[in-house]
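*Asks:* Listed below are the residues making up each chain.
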Amino acid sequence: MSDQTLIEIKDLTFLRGERKIFDGISLKIPKGKVTAIMGPSGTGKTTLLKLIAGQLKPDSGEIWVEGENVHKLARKKLYGLRRKMGMLFQSGALLTDLNVFDNVAFPLREHTKLPEEIINSLVDMKLQAVGLRGAKNLMPSQLSGGMSRRVALARGIALDPEMIFYDEPFVGQDPITMGVLVELISKLNHSLGLTSVVVSHDVNEVLSIADYVCVISEGKIIAEGSKEEILQGESEYVNQFVKGLPDGPVPFHYPVKPYLSESDGAVN
Amino acid sequence: MQRQLKIEIWVGAFVLMSIAALLMIALQVSNFSSWKEKPSYQVSALFDNVGGLKVRAPVKMSGVVVGRVTSIGVDPQSFKARVTMKIDRTYNELSIDSSASILTAGLLGDQYIGIEIGGDEEYLAEGSEFELTQSALVLEDLIGQMLVKFSDSGE
Amino acid sequence: MGLLIKTMQKRSIKLNGLIGLLQKTGHNSLQILASVGRGAMFIMSLLPALPYSFWRFDLLVKQIYVAGVLSLPIILTAGLFVGMVMSLQGYNVLVDYNSEEAVGSMTALSLLRELGPVISALLFAGRAGSALTAEIGLMRSTEQISALEMMAIDPLKHIYAPRFSAGLITLPLLTLLFIALGIIGGYMVAVGWLGVDEGAFWSQMNSHVDWREDVVNGIIKSVAFAILISMIALFQGFNAIPTSEGVSNATTKTVVHSSLGVLGLDFVLTAVMF
Ligand SMILES: Nc1ncnc2c1ncn2[C@@H]1O[C@H](COP(=O)(O)OP(=O)(O)OP(=O)(O)O)[C@@H](O)[C@H]1O
Ligand SMILES: [Mg+2]
Chain A
1 MSDQTLIEIK DLTFLRGERK IFDGISLKIP KGKVTAIMGP SGTGKTTLLK
51 LIAGQLKPDS GEIWVEGENV HKLARKKLYG LRRKMGMLFQ SGALLTDLNV
101 FDNVAFPLRE HTKLPEEIIN SLVDMKLQAV GLRGAKNLMP SQLSGGMSRR
151 VALARGIALD PEMIFYDEPF VGQDPITMGV LVELISKLNH SLGLTSVVVS
201 HDVNEVLSIA DYVCVISEGK IIAEGSKEEI LQGESEYVNQ FVKGLPDGPV
251 PFHYPVKPYL SESDGAVN
Chain B
1 MQRQLKIEIW VGAFVLMSIA ALLMIALQVS NFSSWKEKPS YQVSALFDNV
51 GGLKVRAPVK MSGVVVGRVT SIGVDPQSFK ARVTMKIDRT YNELSIDSSA
101 SILTAGLLGD QYIGIEIGGD EEYLAEGSEF ELTQSALVLE DLIGQMLVKF
151 SDSGE
Chain C
1 MGLLIKTMQK RSIKLNGLIG LLQKTGHNSL QILASVGRGA MFIMSLLPAL
51 PYSFWRFDLL VKQIYVAGVL SLPIILTAGL FVGMVMSLQG YNVLVDYNSE
101 EAVGSMTALS LLRELGPVIS ALLFAGRAGS ALTAEIGLMR STEQISALEM
151 MAIDPLKHIY APRFSAGLIT LPLLTLLFIA LGIIGGYMVA VGWLGVDEGA
201 FWSQMNSHVD WREDVVNGII KSVAFAILIS MIALFQGFNA IPTSEGVSNA
251 TTKTVVHSSL GVLGLDFVLT AVMF
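Residue numbers (this note's numbering), protein chains in the order written: chain A, 1 to 268; chain B, 1 to 155; chain C, 1 to 274.
Hints are computed from structural coordinates only; laboratory data are not their basis. Every residue gets a Cβ at the ideal spot worked out from N, C-alpha and C, and that includes glycine.
DEER-style ranges, computed between Cβ atoms:
#	chain 1	residue 1	chain 2	residue 2	range
1	C	G192	B	I19	23 to 29 Å
2	B	D48	C	L33	54 to 60 Å
3	B	G52	C	V256	42 to 48 Å
4	B	G52	C	A271	18 to 24 Å
5	C	V256	A	T96	22 to 28 Å
Each computed DSS-like pair below joins lysine-lysine, with the alpha-carbon atoms no more than 27 Å apart:
#	chain 1	residue 1	chain 2	residue 2
6	C	K62	A	K76
7	B	K6	A	K113
8	C	K62	B	K6
9	A	K57	A	K28
10	A	K136	C	K62
11	A	K227	A	K28
12	A	K136	B	K6
13	A	K113	C	K62
14	A	K31	A	K57
15	A	K187	A	K31
16	A	K77	A	K31
17	A	K33	A	K84
Only chain A is shown next, with the shape it has when bound in the complex (with noise of 0.2 Å):
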């Protein structure tokens, strides 16, 4: 497979009100690899994604998809764009209204005209393959945490997308269950070309799937590389993270002033 570059990301930079989210980051996501972006709680994976689908705004910067740059297309184009993209939200976001089936029937039912035969052997293949055929009849009301994301797994490959986005696919899954999506994740990368991004803590997991890393921090990318490359890497904030050390350069903390000057500030 050639080292295309799928997504592109150009000196991005977004606000949250006061707060720089990203600061000037620039990545590149080769096509048809998996992509792993990690990072502590709170540094804006989920951000980076909803950026990549076009959800939310830069402040400056662009970011091209196929060519195209996501936040210069016009509402019509975007959509056309979004049908070759899956997208697992970290809280699974199934539809409440409707049962299993009918969550991952659901984009089959928009978007295609299959007879209704076809549309349930495919619902049925996609949730064998996360091992909730037998779930088919529930409400997302009766799923548990994990359950849920794997309906929402199954609902995003549906289409078939051509690139898939894993917001944390595996918090909250059981040891087993997490091989099972690790090796569905690289199954599917490998057998349909697929493009996918993966944003998790599970740095194990991840890196057995990964061929590409990228470690985000206080609004920068604080190392990237080959899986390899990051693991010989030097960084001590890549070390500390990849590793799980307590005590490091990488923040734990949500950006504060330290104790003494805030507590002279409430003097005032």
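Place chains B and C with the ligands on chain A using the hints.
*Replies:* Leaving out everything else, chains B and C with the ligands in the frame of chain A:
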């Protein structure tokens, strides 16, 4: 899909009920049936005083509604009130010397125009005018006249 | 505008006394202006999506069910009782003037011109409007709307447009039912209970209620109220802060704003129409 069917049946019933309500309001409650333009012709009459007559007030003949007032205005030449009214085509044989008076239904009721048939061979037609008219009774004038009479007889 | 508000927010230092009051007023009016602006933008982007709701009939029908059929019990009951009370009160007044036959036309006129459109709209705001805001707010807070966008399904067409059109269709229909039930209630009390002559009851009504003046104007009013309430409810859901508190605030706002809006608009329309 079963659910969708149930929803559709309910919505259908809801819409039908609403249409029934509309029909009831149109036919039973309002004057929708007389609102449809029946063939009619316009005549007018000059009155010294229209009192409380209003547009859309009925025009009656022997107590039967035969038309409606369409406009009330002041005639620029005579400075009298000109009342135009629409009369049903079915009543097209009203003699030209019929008279129009402004009457009141009951003591405090609405005012309407009463037509008294004359004897002429010629009939009122589109654009004709009543020759004989009688204005509305205005209570103040009536009392004034009475007072004058009383003071006259007292002398 | 946005910049101004940002600086206002940055400077939300608490000032005391009169200046503080002034600052607060200024701050609040800017925020109101901004939300009116956002509302207008939202409506403008919704308009082109509206025809779509007739193309996707299944979505529309479902929303008519939710907003209309589920509101039927409260509307029908309220209509019946309002008509009965009107008739009873009217009779008590009119009987002193020996004109109790007029009770029919009085009930019908007040129902058609004011009570029908206004009370139905208030009930609709409370029953369907609030539910609409809560539903959309929750869909946003659980990222369902985002998920739709990601599935390349435009929430404007798929979520907002059918709900707006359904409101637009439903409220006038509910109003008609309210009025019809009210008149039936009035008839039951006046003719069935108080012994008003049946013929006089209907004929008085018939000669005083004008199709164009009273019925059509009443329907126009209720269409205007439907637009107002649907707009407020959808916008509040769209604009809600996606937390439980935010959604509950937005729901309250929907009911308060639409009720006040309906009463205010009713005054304006009445002044223009009658
Ligand atoms: N709607 C919002 N309004 C304001 N700030 C927000 C909003 N959503 C997110 N943020 C801020 O943006 C930052 C990035 O959020 P994001 O959800 O992208 O983090 P994340 O990297 O996905 O974290 P996690 O790993 O915990 O999911 C957070 O610090 C949060 O405070
Ligand atoms: Mg996240």
